Amino acid sequence: MSEHILTICYLFASVTFILGLKMLSHPLSARKGNLLAALGMTIAILATIFLYRDDETGQHLHNYGWIFGGLLIGAIIGTLAAKKVKMTAMPEMVSLFNGMGGACAALISLVEFNHLSAEITLTGITEGHAGKIVIIVLGLIIGSVSFAGSMIAWGKLNGKVKDMSFTGQNILNLAVLALAIGLGVWLVVHPDQHIIVYVILFLSLFYGVFFVMPIGGADMPVVISLLNSFTGVAAACGGFLYDNKVMLTGGILVGAAGTLLTILMCKAMNRSLLNVLIGSFGGNQAGAVSSTSSQGHYKEVSLSDAAMLMSFANKVMIVPGYGLAVAQAQHTCHELEKILSEKGVDVKYAIHPVAGRMPGHMNVLLAEADVNYEKLLEMEQANDEFKTCDVVLILGANDVVNPAAKKDPASPIYGMPILEVELAKNVIVNKRSMKPGYAGIENDLFFQPKTSMLFGDAKKVLQDLVTEIKSV
Amino acid sequence: MENILQWISANQQVIYIVILMIFVGIEVIGRVPSVLHTPLMSGANAIHGVVIIGAIIVMGKAEADNYLALALGFLAVILGTLNVVGGFVVTDRMLEMFKSKKKQ
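Same order as they appear, the protein sequences are chains A and B. Reminder that position 353 of the first sequence reads as 352 in numbering that gives the first Met the number 0, one-by-one numbering, no gaps. Reminder that position 100 of the second sequence reads as 99 in numbering that gives the first Met the number 0, one-by-one numbering, no gaps.
The shape of chain A in the complex, shown without the other chains (with noise of 0.2 Å):
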């Protein structure tokens, strides 16, 4: 009896999760497709810890002190550190997690490999085990790589890990990966060799570090999706060993979706997910040609000035980006788009699908702060709209305004669509110093007749700004 209710349970979660996620591609359904899905897999749980019997012996399980104690540790430093967490350190955050997800299906393979291991030593090889293997190697490599590769986006993501990348770097990591899976078929016909597992383990490790390590900060959402749908083959590999539906659906179920997300987040940057793997970005031989040939005088406005022009224009653009998350500025951003909307002026927010460092970052950011749904407009309407503009607030964002895109076919960001400010009457921009953006190019921008430089912490600026527009 208890084992039909494991298998409706499972069913039930599956359903949650393929029902959460749809719905967690719609605005309006989005958070309760979150809950459905985390209520599925509270089930799940339960009902494994309850009700799960070994198929071999017709066991219930034991140590609950062990997988509770686990569950509570685990339960109370998640809920703290997902509750604590700052919205601009929310993409390290998934990171970070997606990482602990990796590790779990790796150590998951470990411990079956020995008890796989010891039972061989025991009976001798038989059908059953090459397949068994087969999938314990794939998840271990899978989950290490994800694990490994989670941690160095996460330490980049939070300006811990810079980037590095040496001439052959990926073919030594192509070398690295074809060993760890060699090695792997090799402990297919000789599963007696404890040792090679964690040589394969060490490996997996090696290349999941060094094949995040050269790919720039600006690419680390895209990269993340990718470890995010690597850790659900891994959760499926885990599947297919204990025979579970619920590990099997939702596992593929994130590495199917995973990847359409990775290739659509590549699409919004009008690049190949083989460009971004390979094609390591910034500070390469393009980026510094560029950075040469545009060199020329930039001007900047007062506080003061720009008060003036932003309250006497008829229509302000607002730009923002990851400048503006470090500040912490949205609060700010948003009083000053009241304070210039009292005065008449027609505020708006022109949101480029990759500013900040996840794709949809503004959106999350300027909603936290109130900031009307309304005014913030997606990149084709923006664009649209610019030439109507009396002025374009730049804040701290960089690389998607770089007209270079358009026109410099060696710049390495060639062919992204950008937010075409130029297009307005006066562009303001707020950097903290002329520095380039994560990319690592000049941005002609800054250059042009039109173009006004206000530098300084976003926030700061901002708070100065509304003190100043007030006063006018």
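Keep in mind the hints are simulated off the structure, nothing from the lab. Here the structure is a predicted model, which is why all the values come from computation and not from measurement. All residues carry an ideal CB built from backbone N, CA and C; glycine is no exception. There's no promise every hint is true.
[Unchecked claim] Reference listing, derived: stretches of chain B covered by chain A, where coverage requires no fewer than 3 residues with Cβ under 8 Å from a Cβ of chain A:
id: 1; stretch: 17-25
id: 2; stretch: 32-45
id: 3; stretch: 56-65
id: 4; stretch: 77-83
[Claimed, not checked] Simulated restraints, written as ranges between beta carbons of each label pair:
id: 5; chain 1: A; residue 1: Thr78; chain 2: B; residue 2: Met0; range: 44 to 54 Å
id: 6; chain 1: A; residue 1: Met433; chain 2: B; residue 2: Ile18; range: 24 to 34 Å
id: 7; chain 1: A; residue 1: Gln58; chain 2: B; residue 2: Glu1; range: 32 to 42 Å
id: 8; chain 1: A; residue 1: Ile72; chain 2: B; residue 2: Glu1; range: 42 to 52 Å
[Unchecked claim] To give an idea of the interface, some chain B residues facing chain A are shown, with a C-beta separation under 10 Å as derived from the structure:
id: 9; residue: Leu4
id: 10; residue: Trp6
id: 11; residue: Val13
id: 12; residue: Gly29
id: 13; residue: Gly48
id: 14; residue: Gly53
id: 15; residue: Ala68
id: 16; residue: Leu69
id: 17; residue: Gly72
id: 18; residue: Phe73
id: 19; residue: Phe87
id: 20; residue: Thr90
id: 21; residue: Met93
id: 22; residue: Leu94
id: 23; residue: Glu95
Fit chain B to the supplied structure of chain A, relying on the hints for placement.
For chain B alone, kept in the frame of chain A given last:
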């Protein structure tokens, strides 16, 4: 060759699930607006936390004297729970903001 064909017949149910799930996964998020890319990624991240079930099984089957399995299993349960709980909570926090703006 014979082995592979046999394996396919023996596991056909699982293979069907895998293939159908790939299509479902692609269909389900096919028309997601870019605004929701981040929450969707985060939500998917929480769902692959289903790997926790494997960790629970490993933990629950470990013999009381197999310290390696106990230690690794315990660690796996903690990490898996972090993935599940952290993933869902972070996603909810992101989406909470979308909700407040919808009221206006």
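(request) Quick one: which hint numbers does this structure break? Sort them smallest to largest. (result) 6 and 9
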